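Number of protein chains: 2
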Amino acid sequence: MGELLEKAKKLKKASKQLGMLSTIEKNEALLKVADHLLTEKEFILHENAKDLEAGKDRGLSTSLLDRLLLTEERIEQIVDGVRQLVHLEDPIGETIEAWERPNGLQIQTIRVPLGVVGMVYEARPNVTVDAGSLCLKAGNAVLLRGSSSAIHSNKALVQVMREALKGTAIPEDAVQLLEDTSRETASEMFRLNEYLDVLIPRGGAGLIQTVVQNATVPVLETGVGNCHVFIDETAEKEMAITIAINAKLHRPSVCNAAETVLVHEKWPYVSELLTRLLEKGVELRGDETLVSSYSFVKPATEEDWASEFLAPILAVKQVSDVKEAINHIDQYGTKHSEAIIGENAENVRLFFQAVDAAVLYHNASTRFTDGEQFGYGAEIGISTQKLHARGPMGLKALTTTKAIVRGTGQIRS
Amino acid sequence: MGELLEKAKKLKKASKQLGMLSTIEKNEALLKVADHLLTEKEFILHENAKDLEAGKDRGLSTSLLDRLLLTEERIEQIVDGVRQLVHLEDPIGETIEAWERPNGLQIQTIRVPLGVVGMVYEARPNVTVDAGSLCLKAGNAVLLRGSSSAIHSNKALVQVMREALKGTAIPEDAVQLLEDTSRETASEMFRLNEYLDVLIPRGGAGLIQTVVQNATVPVLETGVGNCHVFIDETAEKEMAITIAINAKLHRPSVCNAAETVLVHEKWPYVSELLTRLLEKGVELRGDETLVSSYSFVKPATEEDWASEFLAPILAVKQVSDVKEAINHIDQYGTKHSEAIIGENAENVRLFFQAVDAAVLYHNASTRFTDGEQFGYGAEIGISTQKLHARGPMGLKALTTTKAIVRGTGQIRS
Chain A
21 MGELLEKAKK LKKASKQLGM LSTIEKNEAL LKVADHLLTE KEFILHENAK DLEAGKDRGL
81 STSLLDRLLL TEERIEQIVD GVRQLVHLED PIGETIEAWE RPNGLQIQTI RVPLGVVGMV
141 YEARPNVTVD AGSLCLKAGN AVLLRGSSSA IHSNKALVQV MREALKGTAI PEDAVQLLED
201 TSRETASEMF RLNEYLDVLI PRGGAGLIQT VVQNATVPVL ETGVGNCHVF IDETAEKEMA
261 ITIAINAKLH RPSVCNAAET VLVHEKWPYV SELLTRLLEK GVELRGDETL VSSYSFVKPA
321 TEEDWASEFL APILAVKQVS DVKEAINHID QYGTKHSEAI IGENAENVRL FFQAVDAAVL
381 YHNASTRFTD GEQFGYGAEI GISTQKLHAR GPMGLKALTT TKAIVRGTGQ IRS
Chain B
21 MGELLEKAKK LKKASKQLGM LSTIEKNEAL LKVADHLLTE KEFILHENAK DLEAGKDRGL
81 STSLLDRLLL TEERIEQIVD GVRQLVHLED PIGETIEAWE RPNGLQIQTI RVPLGVVGMV
141 YEARPNVTVD AGSLCLKAGN AVLLRGSSSA IHSNKALVQV MREALKGTAI PEDAVQLLED
201 TSRETASEMF RLNEYLDVLI PRGGAGLIQT VVQNATVPVL ETGVGNCHVF IDETAEKEMA
261 ITIAINAKLH RPSVCNAAET VLVHEKWPYV SELLTRLLEK GVELRGDETL VSSYSFVKPA
321 TEEDWASEFL APILAVKQVS DVKEAINHID QYGTKHSEAI IGENAENVRL FFQAVDAAVL
381 YHNASTRFTD GEQFGYGAEI GISTQKLHAR GPMGLKALTT TKAIVRGTGQ IRS
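Chains as they are written, first to last, in the working numbering: chain A, 21 to 433; chain B, 21 to 433.
Warning: the hint list may mix true and false statements.
No distinction is drawn between identical chains; accordingly, a pair holds when it is met within one copy or between any pair of copies.
[To be verified] Taking lysine to aspartate or glutamate pairs in the EDC-like style, the calculated list, with each CA pair at most 16 Å apart, reads:
id, residue 1, residue 2
1, Lys36, Asp100
2, Lys32, Glu192
3, Lys257, Glu322
4, Lys416, Asp341
5, Lys300, Asp324
6, Lys30, Asp350
7, Lys36, Asp350
8, Lys30, Glu308
9, Lys175, Asp324
10, Lys175, Glu142
11, Lys175, Glu392
12, Lys33, Asp350
13, Lys175, Glu199
14, Lys29, Asp350
15, Lys61, Glu92
16, Lys36, Asp390
17, Lys175, Glu192
Everything labelled a hint here was simulated from the structure, so no lab data went into it. Remember, it's a predicted structure, so these values are computed and weren't measured experimentally.
Take the sequences, apply the hints, and build the full model.
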């Protein structure tokens, strides 16, 4: 039996035990995990150094090496994350709905763990612990499939987590790392419906598409964000400019950053908006009118409207009204986060109704699409699909339901 | 452009209009559909006769021909189904949760349509109208892909539905039949992520597996039910026997029928249970002990424990306690509907906690796993998967959410 199948079987078994634990038992185990990660800091850093060494030899870029890097401080952040999970409300066991049928049947839907979660992710080794511990808190066993470039770090982190679980109520087999990072084994993992209840890919568009295209296990798609800020005719000057700058520049490399600003052609402050963005170092790519009016605006290509730049580059377009803005977003958006800035309530209503996206904003930055910012305390990813969970996914997104029906001998007639 | 892509584009466009309609507008259109189906009864029956003729020529079995058959009465039932939808609460627009963040952001999650639903189903032409109208009520456009054996009936039904929608608020393009029933086009449909938001297969295990194995569009898996009734030591005699008979025989061909009865070895009435089942015409397949004690019980094979017989055949096994029953269900069950009959509250609690299935029953028949019986009014299928919806799926399962965030200029710091 290969590594994948062997671990999958252990996970399924462990998930049954884990699903029956109390909140206290899970929290105690998570605190042990946090403590042990701190204790084993040196070992983890030592193993992480091997990945960095190998990465340098393979000529990885500085930014990729930075994603791979663990430091004392980063380990402490990871540990803080695990400790914070202890304070989050346990979703398991919650009664969602309860009702009685005319024949006397008492129906109750309750929240239960999904079972076994398959995490598929790229270089950042912190995902190993962040996602792993989040799965445990929601009562799920987790199969972690990271990238080969982080294999020493991931092995070390999982080893430390498993050591910490010994002697706790959570079976150590509830956390497994798939050490075989070959494509063939990944493909097998994506089709392991008998053992995996869900796959959650986290990473770039390429990784996510690989999982979606090849999986038969249901996928919680987290994804690409080509987010827009639409500045309506009535937008307050400072608010609009501040939000556009924040949405673009606060952290350009993430999915909830804005990639295009749409400006109502009658909004009087477009010149100041563009100048301020330019001063902040943003490369501007605009429509014909803007290009002819502002020498520092480069012409936007068709591709630019569809791009998630993940960089300080912004596409800018003037539109004649909210409907043109909605149509543009409909054509190029990725159903992630879309904002309207303005004081015309009817336009806001129309924008909220017509734009199909996970999160819609009025007079706020798209950067708030985030589990922490939504108050979920932690996040396993941001769903850009429509089934199961949409937008930031916290602990609840890692659960399913069970219907419990209590009768007194009812039969169907 | 092929038929599939052309219709998919029209559906996507229509879904946007449909998603913005009021409940009254949708209900008025549904009533028109109901009326017109009655008016065009003769035409529908005439077209249905062509399918039956072709089916006889191809040597279809009597039961398959019966599934294909429409009669005046069956059309009236279909029409009643559409009319009943009008009385169901419209899930669209419902506020699910609303909260405020410390920074003043007002977050609200609301229920919105999925968009475009792809229904993939087998012979029964009633699904064309049942599923089609249910999708419309939830604000979704629907692509119907039935089987070639029902093509004339399906064409007629969709033609009549579309005619009825003319002049209503629902665009007629919101309902489309994929007339090309080739496998190649089906495979293309299953991977049409740009236009389809979800696939719902309804039919036998083969059809469902074909969709799951080939789809990249998210699938709401409806499925096979290998359901169990566990009769605990403390079960009341008449209640247990009545429920076992009902679960097996009320309608043996459906997924919520019981396929195996597990009996606690100390329950004193096994002889009467088996005799009564036999008298009702049930073929019994049992474990060694039962076979050696009762001449009319045939030996059950390993395959029998895993079978969804869909026929008056029942596997019967004696178990030593509730844990053995749970383990048996864990090994052979399909996570659909599982029942425990008995008066030991601790065993019921354990059964409810440990058995992983969509619906669990205490002292009631598994036959209640059904949208109508749950009080959902209508049902698009019974989900046996864990994401999005589990168990009977009513209108809510055909919706997703949108988060609406209202700010006063908040940016992320």
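Evaluation of the provided hints:
1. In this homomeric assembly, Lys36 and Asp100 never come within 16 Å of each other (Cα to Cα): the closest approach is 28 Å inside a single copy and 44 Å across copies.
2. For the homomeric pair Lys32 and Glu192, the shortest alpha-carbon distance inside one copy (12 Å) is at most 16 Å, but the shortest distance between copies (47 Å) is not.
3. Taking the shortest Cα distances, Lys257 and Glu322 never come within 16 Å of each other, neither inside one copy (28 Å) nor across copies (73 Å).
4. For a Cα distance limit of 16 Å, the shortest separation of Lys416 from Asp341 qualifies neither inside one copy, at 38 Å, nor across copies, at 34 Å.
5. Neither within a single protomer nor between protomers do Lys300 and Asp324 lie at most 16 Å apart by alpha-carbon distance, with minima of 20 Å and 71 Å respectively.
6. In the homo-oligomer, the alpha carbons of Lys30 and Asp350 lie at most 16 Å apart only across protomers (15 Å), although the nearest pairing inside one protomer, at 45 Å, exceeds that limit.
7. Within a single copy, Lys36 and Asp350 get their C-alpha atoms only as close as 43 Å, which misses the 16 Å cut-off; across copies the closest is 10 Å, which meets it.
8. When the C-alpha separation of Lys30 and Glu308 is checked against a cutoff of 16 Å, the pair qualifies neither within a copy, at 60 Å, nor between copies, at 31 Å.
9. For the identical chains of this complex, Lys175 and Asp324 are neighbours neither inside a copy (40 Å) nor across copies (43 Å), given an alpha-carbon limit of 16 Å.
10. For a Cα distance limit of 16 Å, the shortest separation of Lys175 from Glu142 inside one copy, 14 Å, qualifies, whereas the shortest one across copies, 48 Å, does not.
11. For a Cα distance limit of 16 Å, the shortest separation of Lys175 from Glu392 qualifies neither inside one copy, at 28 Å, nor across copies, at 50 Å.
12. Proximity of Lys33 to Asp350 under the C-alpha cut-off of 16 Å is restricted to the inter-copy arrangement: shortest distance 11 Å between copies versus 45 Å within a copy.
13. With identical chains, the CA atoms of Lys175 and Glu199 are at most 16 Å apart within one copy only, with a shortest distance of 8 Å there and 53 Å across copies.
14. When the C-alpha separation of Lys29 and Asp350 is checked against a cutoff of 16 Å, the pair qualifies only between copies, where the shortest distance is 13 Å, while the shortest distance within a copy is 44 Å.
15. In this assembly of identical chains, the alpha carbons of Lys61 and Glu92 lie at most 16 Å apart only when taken from the same copy (7 Å versus 76 Å across copies).
16. In this homomeric assembly, Lys36 and Asp390 never come within 16 Å of each other (Cα to Cα): the closest approach is 30 Å inside a single copy and 27 Å across copies.
17. In the homo-oligomer, the alpha carbons of Lys175 and Glu192 lie at most 16 Å apart inside one protomer (14 Å), although the nearest pairing across protomers, at 57 Å, exceeds that limit.
Hint compliance for this structure: hints 1, 3, 4, 5, 8, 9, 11 and 16 are broken, all remaining hints hold.
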